[in-house]
Amino acid sequence: MAAKPDIVTLDQIGAFDTLIDARSPAEFALDHLPGAINLPVLDDEERRIVGTLYKQTGAFEARRIGGAWVARNIARHIEAVMQDRPARWRPLVYCWRGGQRSGAFALWLRQIGWAAAQLQGGYKGYRRWVVEQLDALPPTLDWRVIAGPTGSGKTRLLQALAARGAQVLDLEALARHRGSILGAWPDGQPQPSQKAFDTALVDALRRFDPARPVWVEAESRKIGAVQLPEAMAAALQRAPRVQVEVPFAARLALVLQDYAWLGRDPQALALRLSALRGLQSNDTLARWQDWAQAGRLPELFAELMTHHYDPLYRRSQERTAAGRVLPVTALDAAGLDRAAAELLDDAGMPPVFR
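Take 3 as the starting number for the sequence shown in my numbering and just add one per residue.
A portion of the hints provided could be inaccurate.
Below are the BS3-like pairs computed for lysine-lysine, each with C-alpha atoms no more than 27 Å apart in a straight line [what the hints assert, rightly or not]:
no., residue 1, residue 2
1, Lys224, Lys126
2, Lys126, Lys197
3, Lys57, Lys126
4, Lys224, Lys197
The set of hints was computed from the structure by calculation and includes no laboratory data.
Bear in mind that the values here come from a model prediction, so they are computed numbers and not experimental data.
Build the full structure now, drawing on both the sequences and the hints.
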């Protein structure tokens with residue numbers, strides 16, 4: 003049965019000017035549709051109270067109390083956000099299931115005269131679609147995986163490829179994590195939720211041209227607290243690989259540059275290293291923590307690379323088919339640009355990308 007004119011499906015989102023998420027701030031923070039703005043009809047505490055009333059006293063009491071809050075919040079949003087919107091403005095509203103919260107908001111907006119619509123199925127329907135896309139999209143793309151031990155400049159090489167017009171997927175940027183015990187983003191930036199990571203990943207995958215290669219860094223299944231979907235991990239496992247080989251001194255210099263921020267809080271760095279207990283001897287771990295607290299980062303990272311990261315990488319390579327080796331002698335802009343040009347040449351890309 004066709005949807006009503008004021009209830010639209012996901013494939014019609016592009017016809018609207020603004021996407022409004024009517025859920026609570028906590029729901030929005032966990033995940034939301036790309037580009038949506040949060041104009042909650044109930045805040046977190048109001049939603050909790052209404053939910054409790056619904057369970058304890060029934061639907062009528064919950065709606066009697068909640069209805070007044072919904073009306074007040076919608077009016078506040080109209081006054082604060084929508085006073086400059088022209089008559090031709092087309093907003094699309096969604097909530098959890100495409101039910102009462104988004105329905106009330108869209109009705110008010112239509113009463114004013116805007117061509118507001120409600121998203122069929124709400125966020126729940128969108129989440130179901132995301133899960134389907136995570137299974138369907140990865141096998142359709144021509145993946146090229148860049149591998150190499152810690153400090154090989156893989157992320158910088160991706161950036162050099164992107165600067166030459168290549169299609170690039172930076173999974174660490176989406177996950178906001180480098181995928182190691184010290185891989186947290188600087189200044190306490192949190193990782194996205196798994197659902198938000200999935201949303202960002204699908205949004206990126208849908209933008210790629212299947213007829214052109216997509217370059218990506220080799221990653222384990224988990225990147226910090228988030229996880230690659232099964233179809234994505236399997237596609238990357240099957241993809242052609244490029245093994246970047248960089249002199250140790252150049253790798254160490256890059257690691258010291260990328261992780262210099264950890265030296266701002268020696269005590270926190272020493273505490274992070276505690277995650278290696280059981281993987282390294284107590285004497286080794288004590289030495290590394292002493293170096294961390296003394297700010298001796300060159301010695302610390304040199305041993306972390308030789309005693310921890312490089313052995314882990316070698317073990318991971320035993321489970322992976324060998325690929326083409328790309329020697330990179332310098333990780334400066336010129337050296338990375340030369341490496342990117344060589345990769346694109348080998349991939350048969352036209353001169354515009356080289």
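Under the criterion that the straight-line Cα-Cα distance not exceed 27 Å, is the pair Lys224, Lys197 satisfied? Holds. Lys224 to Lys197 sits at ~14 Å (cutoff 27 Å).
Are the Cα positions of Lys126 and Lys197 separated by 27 Å at most? holds, 11 Å
Run the distance test for Lys224 versus Lys126: straight-line Cα separation, threshold 27 Å. Between Lys224 and Lys126 the Cα gap is close to 25 Å, so the pair holds against 27 Å.
Within a Cα-Cα threshold of 27 Å, do Lys57 and Lys126 meet the stated pairing? holds, 21 Å
Of the numbered hints given earlier, the model fails none.
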